[in-house]
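J.: Single-letter residue listing:
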Amino acid sequence: MSSNDQAAPSPVLELQGITKTFGPVVANENVNFDLYPGEIHALVGENGAGKTTLMRILFGMYRPNAGSIRLGGREVELKKPMDAIEHGIGMVHQHFMLVPSFSVLENITLGAEPGAGGLFDRGRAEEAARGPMERLGLALDPSTVTGSLNVATQQKLEITKVLYRGAKIIILDEPTAVLTPQETEELFVLLKKLAADGSSIIFISHKLREVFAVADRITVLRNGRTVSTTPARDLDASAVVAAMTGRSDVNLGRITRNAPEDDVVLSVSGLSTAKFEHDAALDSINFEVRAGEVVGIAGVEGNGQSALAETLIGTAAPLAGKIELAGTDLTRLAVSARRDLGLSYVPEDRHREGIPINGSVLEGLAAGTLRRHRGWNGLANAFPRALQAWGTDMISKYAIRTSGRNAKCHTLSGGNQQKIVMARELEEQPKCIVLAQPTRGVDLGAIEFLYDRIAEATARSCAVVLISADLDEILRLSDRVLVMYRGRMVAEETATETSREELGMHMTGAKALGTAA
Amino acid sequence: MNTQTATAQQADPQRKSHLPEGDRRRRPKASGRAGMPLARRLIQPAFILVAGLIMALVLIAAQGYEPFSTLGAGLDYALGNPASIARTLAWGLPLFVASIGVCLAYRSGMFNIGAEGQIYAGAMAAALAGAYIGPMLSGLHLLLCLLFAAVVGGLIAAGLGWLRAAWGVDEVLSTLLSNYIIMLFCAYLATSPLRDPARQSGTTKEVFDTAMFGEIMPRTQLTSALFVVIVLCAATWWLSERSVTGYRWRMTGESPDFAAASGISVKKARIASMATSGALCGIGGALLVTASQGRFWTEIGTGIGWDAVLIALISRARPVPAIIWVSVYCIMRSAARGIEQVSTVPSELSLVLISGIIIAAAARAGIFSQFTALKQRFAHVKGH
Chain A
16 MSSNDQAAPS PVLELQGITK TFGPVVANEN VNFDLYPGEI HALVGENGAG
66 KTTLMRILFG MYRPNAGSIR LGGREVELKK PMDAIEHGIG MVHQHFMLVP
116 SFSVLENITL GAEPGAGGLF DRGRAEEAAR GPMERLGLAL DPSTVTGSLN
166 VATQQKLEIT KVLYRGAKII ILDEPTAVLT PQETEELFVL LKKLAADGSS
216 IIFISHKLRE VFAVADRITV LRNGRTVSTT PARDLDASAV VAAMTGRSDV
266 NLGRITRNAP EDDVVLSVSG LSTAKFEHDA ALDSINFEVR AGEVVGIAGV
316 EGNGQSALAE TLIGTAAPLA GKIELAGTDL TRLAVSARRD LGLSYVPEDR
366 HREGIPINGS VLEGLAAGTL RRHRGWNGLA NAFPRALQAW GTDMISKYAI
416 RTSGRNAKCH TLSGGNQQKI VMARELEEQP KCIVLAQPTR GVDLGAIEFL
466 YDRIAEATAR SCAVVLISAD LDEILRLSDR VLVMYRGRMV AEETATETSR
516 EELGMHMTGA KALGTAA
Chain B
373 MNTQTATAQQ ADPQRKSHLP EGDRRRRPKA SGRAGMPLAR RLIQPAFILV
423 AGLIMALVLI AAQGYEPFST LGAGLDYALG NPASIARTLA WGLPLFVASI
473 GVCLAYRSGM FNIGAEGQIY AGAMAAALAG AYIGPMLSGL HLLLCLLFAA
523 VVGGLIAAGL GWLRAAWGVD EVLSTLLSNY IIMLFCAYLA TSPLRDPARQ
573 SGTTKEVFDT AMFGEIMPRT QLTSALFVVI VLCAATWWLS ERSVTGYRWR
623 MTGESPDFAA ASGISVKKAR IASMATSGAL CGIGGALLVT ASQGRFWTEI
673 GTGIGWDAVL IALISRARPV PAIIWVSVYC IMRSAARGIE QVSTVPSELS
723 LVLISGIIIA AAARAGIFSQ FTALKQRFAH VKGH
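Protein chains in written order, with my numbering: chain A, 16 to 532; chain B, 373 to 756.
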């Protein structure tokens, strides 16, 4: 099913010499991309490499400044998404475009409802939706309310929508970002099946493991240009990383760090909470973190990791249990008091909790400093010269790529936004830092930079709680790994002596052991 | 607006952050503090004003008058000489204070549409302090009146803010309904127990002369309250846009989860900003008494609380644009009165114009998306 030179089937899609500029910014420059029937073609690159722009051009959302789009050998002009849909191109966006209050059937047919005279023909709609749903193995009552479905099913629904519209070419933009490892595997099986049935798939990702698991060919973009297009079997991860980053020295292995010290910094005992809106309740959690130690918290999302992070920092209150930081009981203290005692926090939802998304870079950086003003100081100038200069220093110290300290946070890439969060939290010189999904949506170069900063923090005796859905991240950074399942700690492993497979078993609750206290 | 925002396909306006990652980082190095050069930022308000003027010309012509000279006469009445400028300004003094007050609460995410009620409460407090305490040294008496008004307005708003912070009672509802409770209670006081027996209508006793601001320009009604207004505007601007407290309130309004996670007490910020907002509205009400009417009567507010809410929305809760819009508003009202004097075009023209301008400005300020955000809060949708 991969591109086979001898048989030479003709490509269903050819993008040639695509150039797209936004004002002085060149997002795509002379990019070439092609797609064969039944092929899964991965498009990889760092944030800002131009993947999204290229796909938006293909989907008729942007008009290219130069270059041609050929579908089935014929040159076409895509002026709007409707043109692309009519040419059999479908896009599954990273953020779902579903109406939560609509039924499954209504969502599938939305925008192309069968019926006449403005009336919705339910029977015909069900008929038309059945085929695509069966192709995806989606055994659902079509009248189910979409909002009640889990994320993986909603994603299948997105793909169903695309198939219902008759798409032959399916674009998936970072489809695994919201899925658990098991759901990701299921999605891959599904994609391969769709490809075997003759659909062509463009798979956008920056997770190399996934790209190698699913793709026939890999095209790498860097700084808006095509670096290479190669069959996946001729490549290995380090070659793709080198192509993506333009550097050959990116470390993909374990981060070297000092050995942890003996004294306990963070001690959690018997911690329980009520049920969270999108997460399990904590059920008597016990663990300790020593100075300079990184404890990884692994688990499928929704098993209490968010609840743990929020209870530790104090944005959520526990029902029972105790949190101690270097001997001081934090359990009843407010967030600011906990932070004053030396607890730091990198929240998992960067846009909502990590940075003021519509505020400036300086406003994001200075939150720690500004927290300390008390009483009448609250009326003082928030950003005196000295603080502004400090902000500029932080931007250079943490290599934050921005037009300046007054730029709005939403103009920065994910990696640079995360550097703002890390700069703010680490500059407080915390005794303990809670990292929740610290590198989600961050590109490889920035990930390495952030890991080095974490290693530096442990070298000055900072205790680290690393909550992550990315097992590679946990294995690369942690000393010990704790696994959460349904709000409980079900296993403890030493990072260097365990494996992804073993942790995966714990994560599904298959091998529940007693908790390690 | 740049290309990306214009073409973004996101359904939810709040998720600006998910604009194409591909292009965000390498955006040109243009942005200053506000992201746009000043000239470009002024184009749209200017356009709105021009549209408003054209509308006025059409309306005047429709009444059979020569549009340009009539409008000219109106503007001359509003701004023709220092005395007319003073008269135009005098009417707007309470509105300046109330508008920046509403802005302040709005900045921390509290939609204080109880301004009208807080103005009435402030006016009542000042009228009582002016009539039942004293006479005494004028400056002291005025300070006392304003202080009473600020405390009463502030306590009312703080209470409503506390209901939101502690019990989740939506302040849109509670502040809206509080208007009726307060206005009707004040009407009861003015018509029954505290009525001035010397008068037929529902008014309280006239305040002592020491509780009245003196005119600073004869026969213009412009009083020394102007200086109080200037000081309050400047102080509020500093508090909201420059101070540490303002930072906390703004973060609470724009990114409440960020505020909570970084150790800002969201409850405290909401209650404190509501209290300050209510205090300013109360002072606005006090100025109605001490700088013009001299007593409380049942219709004293004439809806300036609602005007203040609208102006806060149009100016997106920024104090400086709010002050500019209040000025524009005063000029329009005054000009309409001038037009009424030289023609049979009724001064209600100003209401028509103001409504038109507000609709145009609302479209620009994205008020409709702000209301969508409000509605979402009612619906309690979390996540996507």
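To be clear, the hints were calculated from the coordinates, so they are not data collected in a lab.
Every residue gets a Cβ at the ideal spot worked out from N, C-alpha and C, and that includes glycine.
Please note: incorrect hints may appear among the correct ones.
[Stated by the list, open to error] Residues from chain B that face chain A, not an exhaustive set, calculated with beta carbons under 10 angstroms:
| no. | residue |
| --- | --- |
| 1 | L451 |
| 2 | W539 |
| 3 | A559 |
| 4 | T563 |
| 5 | T617 |
| 6 | Y619 |
| 7 | A631 |
J.: Run every hint past the structure and note whether it holds.
T.: So, going through the hints one by one against the coordinates:
1. L451: violated (36 angstroms)
2. W539: Constraint on W539 (chain B) not satisfied, violated at 16 angstroms.
3. A559: At 37 angstroms from the nearest chain A Cβ, A559 (chain B) fails the 10 angstroms test, so the hint is violated.
4. T563: T563 (chain B) check fails; min Cβ-Cβ to chain A is 42 angstroms, beyond 10 angstroms.
5. T617: The hint holds - T617 (chain B) has a Cβ within 10 angstroms of chain A, the shortest such distance being about 4 angstroms.
6. Y619: Holds - the Cβ of Y619 (chain B) comes within 10 angstroms of chain A, reaching about 4 angstroms at its closest.
7. A631: At 8 angstroms from the nearest chain A Cβ, A631 (chain B) passes the 10 angstroms test, so the hint holds.
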